[in-house]
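All chains, please: the whole structure from these sequences, using the hints.
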Amino acid sequence: MCLRCTRLMPRDKGKASGGGAAAAAAPPPPTTSHVSVPWHVCGATFITENVWDKRVPVDVLKRFRPAPVGSSPSQPCTLMRPGRITDPSHPAYGQCGLFAAKKLACGAHVCDYRGVVCLTEHESKTSDYTLSFVDEPGIRLTLDAEKFGNEARFINDYRGTGQKANVRFATRVDHRGVTHMGVFVSAPRGVAKGQELLLSYGKGFWLARGLLRHHDSCSEQDVDALAETLERVLLEET
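Okay, so the sequence shown: first residue is 1 according to my numbering, each after it adds one.
Bear in mind the hints are in silico, worked out from the structure with no lab data behind them. Careful: at least some of the hints might be erroneous.
Unchecked claim - Just the calculated beta-carbon pair ranges, DEER-fashion: (1) Thr45 <-> His175: 21 to 29 Å; (2) Val69 <-> Arg140: 17 to 25 Å; (3) Leu61 <-> Lys164: 18 to 26 Å; (4) Pro68 <-> Ile139: 40 to 48 Å; (5) Gly138 <-> Pro66: 25 to 33 Å; (6) His122 <-> Ala67: 19 to 27 Å.
Unchecked claim - Lysine-lysine pairs mimicking DSBU-like chemistry, simulated, CA-CA at most 30 Å apart: (7) Lys164 <-> Lys102; (8) Lys62 <-> Lys147; (9) Lys147 <-> Lys102; (10) Lys147 <-> Lys164.
All C-beta atoms, glycine included, are put in the ideal place defined by N, C-alpha and C.
Right, here's the structure in full:
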């Protein structure tokens, strides 16, 4: 998840009933104007499996990654593509985002968030690409896509876009027993082809960056407004 520039079945369309006229088609979900961005401009190495920090204890590694890293070719997923945002009204205008390459149904597994897995005590204090991976008593792991990652690092926060979050994070375990941080479609009607994938970074992200330090009693609307302000400040600094 690029936190700076960027963290069920489809419903049927309306049909005619009885002998009456067909129901009016629902307007298509709004899309964000964008242009494609080659992977090599992202400033990170593309990976298809997480990289594990050598300081992670062997017993922890075996629990969450019992199978060896595969040798599959490093090919981007065909369900989405990174792009440069060209809409001036977008909070991440001129930066990167992630867009659906085809219609995605609600509940669909879009991809996994890839990066370097390390003990939370060893996580980078400056990276804007960190995500809590495991948080259990005695085991806290962080996933960081700053230097190594995949397309998921480009997912923007929904605040300020005029849209709602349409994807979410959830851990999953594959057939090998390996734990991943998956990205799943959360929008009830799915995500249209060309539509931007958007997350809710959550209050914790903005608290960690200091803006909400003294606003623990803020309403959700206040959190959104403050978060949008900080997002714009961060973008202006890049």
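Hints and how they fare:
1. Thr45 <-> His175: 21 to 29 Å: holds (26 Å)
2. Val69 <-> Arg140: 17 to 25 Å: Holds, at about 22 Å.
3. Leu61 <-> Lys164: 18 to 26 Å: At roughly 37 Å between Cβ atoms, Lys164 and Leu61 fall outside 18 to 26 Å, so the hint is violated.
4. Pro68 <-> Ile139: 40 to 48 Å: violated (21 Å)
5. Gly138 <-> Pro66: 25 to 33 Å: violated (19 Å)
6. His122 <-> Ala67: 19 to 27 Å: holds (24 Å)
7. Lys164 <-> Lys102: Holds, at roughly 19 Å.
8. Lys62 <-> Lys147: holds (24 Å)
9. Lys147 <-> Lys102: holds (28 Å)
10. Lys147 <-> Lys164: Holds. Lys147 to Lys164 sits at ~28 Å (cutoff 30 Å).
Hint compliance for this structure: hints 3, 4, 5 are broken, all remaining hints hold.
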